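Peer 1: In order, the protein sequence lines correspond to chains A and B.
Heads up, the working numbering is the position in the first sequence plus 3, with the first residue counted as 1.
Heads up, the working numbering is the position in the second sequence plus 24, with the first residue counted as 1.
Be aware that one or more of the hints could be misleading.
In silico negatives: residues of chain B with every beta carbon more than 10 Å from chain A [as the list claims (entries may be wrong)]: (1) S28; (2) Q55; (3) I66; (4) T72; (5) N73; (6) E76; (7) G82; (8) G83; (9) S91; (10) R101; (11) E130; (12) G139; (13) R154; (14) I155; (15) D157; (16) R164.
Computed spacing ranges between beta-carbons, pair by pair [said to hold, decoys possible]: (17) B:A35 with A:D141: 34 to 44 Å; (18) A:S154 with B:I155: 40 to 50 Å; (19) A:S154 with B:G31: 34 to 44 Å; (20) A:P38 with B:G41: 41 to 51 Å; (21) A:Y106 with B:P49: 46 to 56 Å; (22) A:G110 with B:D65: 46 to 56 Å.
If you are wondering where the hints come from, they were derived from the structure by calculation, not from laboratory data.
These numbers were taken from a predicted model, which means no experiment stands behind them.
Beta carbons are placed, not taken as given, at the ideal position from N, Cα and C, and that holds for glycine.
Here is what each chain is made of, one letter per residue.
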Amino acid sequence: MNRFECMQRLAARLTDELVILSLGASVDEWYNAAPHMRSASLFQQQLGCVTPEAFGLAVGLPHRRIVSLDTDGGMMFNLGILATLGNEQPQNLFVVVWDNECYESIGGPPTHTAGRADIAAIARGAGIEHAYTVKTLDDFDRHCAEGLRASAPYLLVAKIDRSVRPDIRRKHSDGREDKYTFVRHVERTENIVIMGPSEHN
Amino acid sequence: MQPSAVGQVIAGLKAAGVSVICYLPDSLFKQLYPALDRDPDIRTIRVTNEGEGAAICGGIWLSGKRSALIMENSGLRAATEPLARMGMGAGIPVVMIMSYRGDLGENNWWAIPHGMTMEPLLNAMRIPYRIVDREDAIGRAIADAYAWSHTAYYHSAVVLTGSIVR
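Start from the sequences, fold in the hints, and give me the full structure.
Peer 2: As structure tokens, this is what we get:
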């Protein structure tokens, strides 16, 4: 299964959701697979932070569907968040874990999921009842439909191959610019102020 | 903590507009956590480590809500990685309220490293902080931390010590 094709399937289902995503090549792939979601996606370079940040966003905006696009390496970095999601049971959080069983960005040394570790099983053990592993595009698509309308935390481990989509346009912005873009999108769509004007005093 | 100090912290957080607290409980703030859990205006989220708590607080900030990460100062060490990435890399702020383990008066050998590392680590991270040892200064310190962090879009910390926590 190919990550870019999965992203295209997921992107086709998204309209007013907010997305936080992980580091590495998946950033540029999402930038191209979901052009209509660019300002609604926070592109972060933060191993272990992605799903916790997405959960925080889900807590702050309980009426909004939040999508976390995490990775095997990122999730293994901070497994504790699975137990927190199990306890807190957010009703508006869909977590996708792109699991290519390697640290792709640095050339492909294996992650622990290349061995015996099973992130979906760990998630179920942590109290996330809806945690699944998929290996085909159609299964991925079907679970996206379920996860996006679930009223309990939903975690989908997508077993993908190691290929990176070649010849795609690279995203040029850094984390700071991406944050401003995302925050302005949240402000506009929620009609709130997050980063307001300075005082004059 | 005396009930009056617990009340000052909670009043300060509310005055600053805080509605969500992430915490990993510790002994010096032992009375604070259940009081936060009971407060109908505050949602508490228990986390498995302070780094996870920092990242959740970052996400809450992105939603337009205000949160705090409350912990023992040893948690700063666990939180440094996400704090560096969120704060320095993206300008996503987290306000921390922490107990000062290892300050003068400490009588646990295992807590001495917490005191040795806290201020150097805060300084290395360029995180401004205020060490408070008087109850009547708690509210102002919390208010100032939120004012600064929501102007700088960077982390700040209030450290409670002395008779406030013992």
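Peer 1: Next, verify each hint and record whether it holds.
Peer 2: Results of checking the hints against the structure:
no.: 1; hint: S28; result: holds (30 Å)
no.: 2; hint: Q55; result: holds (22 Å)
no.: 3; hint: I66; result: holds (12 Å)
no.: 4; hint: T72; result: violated (3 Å)
no.: 5; hint: N73; result: violated (6 Å)
no.: 6; hint: E76; result: violated (5 Å)
no.: 7; hint: G82; result: violated (5 Å)
no.: 8; hint: G83; result: violated (2 Å)
no.: 9; hint: S91; result: violated (7 Å)
no.: 10; hint: R101; result: holds (15 Å)
no.: 11; hint: E130; result: holds (28 Å)
no.: 12; hint: G139; result: holds (26 Å)
no.: 13; hint: R154; result: holds (20 Å)
no.: 14; hint: I155; result: holds (26 Å)
no.: 15; hint: D157; result: holds (29 Å)
no.: 16; hint: R164; result: holds (17 Å)
no.: 17; hint: B:A35 with A:D141: 34 to 44 Å; result: violated (55 Å)
no.: 18; hint: A:S154 with B:I155: 40 to 50 Å; result: holds (45 Å)
no.: 19; hint: A:S154 with B:G31: 34 to 44 Å; result: holds (37 Å)
no.: 20; hint: A:P38 with B:G41: 41 to 51 Å; result: violated (36 Å)
no.: 21; hint: A:Y106 with B:P49: 46 to 56 Å; result: violated (34 Å)
no.: 22; hint: A:G110 with B:D65: 46 to 56 Å; result: holds (50 Å)
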